[in-house]
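Going line by line, the protein sequences match chains B and G.
All letters in the first sequence, in the order written, are residues 1 to 200 by this note's numbering.
All letters in the second sequence, in the order written, are residues 1001 to 1200 by this note's numbering.
Keep in mind that the hints were calculated from the coordinates and are not lab data.
Glycine is no exception: its CB is placed at the ideal position from the N, C-alpha and C atoms.
Careful: at least some of the hints might be erroneous.
Here are the computed distance ranges between Cβ atoms for each label pair [claimed, not checked]:
| hint | chain 1 | residue 1 | chain 2 | residue 2 | range |
| --- | --- | --- | --- | --- | --- |
| 1 | G | Glu1123 | B | Met3 | 56 to 66 Å |
| 2 | B | Asp172 | G | Lys1176 | 12 to 22 Å |
| 3 | G | Pro1051 | B | Glu119 | 51 to 61 Å |
| 4 | G | Ser1046 | B | Ala149 | 41 to 51 Å |
| 5 | B | Pro103 | G | Glu1061 | 46 to 56 Å |
To spell it out: a stretch of chain B is covered by chain G in this simulated footprint if at least three of its residues, at any positions, have a beta carbon under 8 Å from a beta carbon of chain G; those stretches are [to be verified]:
| hint | region |
| --- | --- |
| 6 | 4 to 17 |
| 7 | 66 to 75 |
| 8 | 108 to 114 |
| 9 | 171 to 178 |
| 10 | 192 to 198 |
2 protein chains.
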Amino acid sequence: MPMANVTASITTSLDGYIAAPNDGPGNGLGDGGERLHYWVFGGPWSSETGPRGEATGPAREFLESAAARTGAIVVGRWMYECADHWGDRNPFGVPVFVVTHRPEEEPDTGEFSFAGSFEEAIERAREAAGGRDVAIGGGASVIRQGLEAGVVDELAIIVAPVILGEGKPLFDGFRKSVDLEPIGVQDLELATVLAYRVKR
Amino acid sequence: MPMANVTASITTSLDGYIAAPNDGPGNGLGDGGERLHYWVFGGPWSSETGPRGEATGPAREFLESAAARTGAIVVGRWMYECADHWGDRNPFGVPVFVVTHRPEEEPDTGEFSFAGSFEEAIERAREAAGGRDVAIGGGASVIRQGLEAGVVDELAIIVAPVILGEGKPLFDGFRKSVDLEPIGVQDLELATVLAYRVKR
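Generate the whole structure from the sequences, applying the supplied hints.
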């Protein structure tokens, strides 16, 4: 079986933040950070009342196309916590590997697999992906680790139409130069996808 | 006469740098920063040998369209120095105002106008633009000043397909939140334009 393609994708503000300040459980995108994900939910929403709508048109097509390609997902522990463990049920329909310093805290539900290192998570995800893509879903740290380790084949940045001015920078402390080959721009109306193949 | 539209546009890396390290006169985009402007010159070039090609196709159309809309240009002193004063001849065909703390250093060629503050430069550029746009051409500092002051009507970020890992960040120290309305994505082949109207 050919080695799985590894993709990484994440939404950022135009000034490169993946979350506004004070992100955490119950406030996954930080204070005012909901604007990053208007495209995901079809328009404005607030983390207090929760999303009401869903992606439509090109945004929906983008999400469905990405899901169809994906055989396994790797996320960081902080993202897992910020997403409130997705209600302790894996909503993705494919195995999810959570990178954590405390793999012994894996819940016994069987819904999520904890891995003690990024490398371990990628290796187990490749095996689980059944020939489809391994998707690194965020947060920023696991995407930086993927780019640093040179395992990311495709990188998609979904740019939301907002300058946040503060928050968590995707490329915080990332010091490597990486050449990219553009493989597609997509206008999702409430955001823009910049997709690249990572040159080796 | 209606007030001139103020546009700001600049090329950045995917990680938000407008120049690689050690930018300065003779090395305007810094060490390895030429990759930011492959789109301007039709492909790879180096600052040692200088550009050999020129923009073609959609990149050329983008530059020509921007030039046709522009009635006056505002740039920062550092950009003026990094561009080696454009050989002491204004190549743009419209008045150029250089923001500087030392306006008394304006050369007596009449090619460039020095302004002692950003506000003065914008005001004089509006008067000189003859109803066309005032274009803030960079560097990063004058674009940040424009966004901070709320005078920018349209912002275009031209994203080059490279992660630099270090350099001069466009949004360095910028702490204001700004909502944007996407007004167009353009694939220039060697870069991607993200254009926005700044919401008030």
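Q. Per the coverage rule (Cβ-Cβ under 8 Å, at least three residues), is the region 66 to 75 of chain B covered by chain G?
A. violated (count 0)
Q) CB of serine 1046(G) to CB of alanine 149(B), is that within 41 to 51 Å? A) For alanine 149(B) against serine 1046(G), whose Cβ atoms are near 29 Å apart, the range 41 to 51 Å is violated.
Q | Assessment of proposed distance window 51 to 61 Å (beta carbons of proline 1051(G), glutamate 119(B)) | A | Hint violated: Cβ distance 42 Å, outside 51 to 61 Å.
Q: Closer than 8 Å, Cβ to Cβ, for at least three residues: run that test on the region 171 to 178 of chain B against chain G and report holds or violated.
A: holds (count 6)
Q) Cβ-Cβ distance between glutamate 1123(G) and methionine 3(B): within 56 to 66 Å? A) With a Cβ separation near 60 Å, glutamate 1123(G) and methionine 3(B) satisfy 56 to 66 Å, so the hint holds.
Q | Three-residue Cβ test at 8 Å for the coverage of the region 192 to 198 of chain B by chain G | A | holds (count 3)
Q: Note whether the CB distance of aspartate 172(B) and lysine 1176(G) lies within 12 to 22 Å or breaks it.
A: Holds, at about 20 Å.
(Q) Under 8 Å between beta-carbons, do enough residues of the region 4 to 17 of chain B, three at least, approach chain G for the coverage claim to hold? (A) Coverage by chain G holds here, the residue count being 3 at a Cβ distance below 8 Å.
**Q.** Verdict for proline 103(B), glutamate 1061(G) (Cβ pair) under range 46 to 56 Å
**A.** The hint (46 to 56 Å, Cβ to Cβ) holds, given that proline 103(B) and glutamate 1061(G) are roughly 53 Å apart.
Q: Test coverage of the region 108 to 114 of chain B by chain G using CB-CB distances below 8 Å; three residues minimum.
A: With 0 residues in contact (Cβ-Cβ under 8 Å with chain G), the coverage given for the region 108 to 114 of chain B is violated.
The structure does not agree with the numbered hints 3, 4, 7 and 8 stated previously, though it agrees with the rest.
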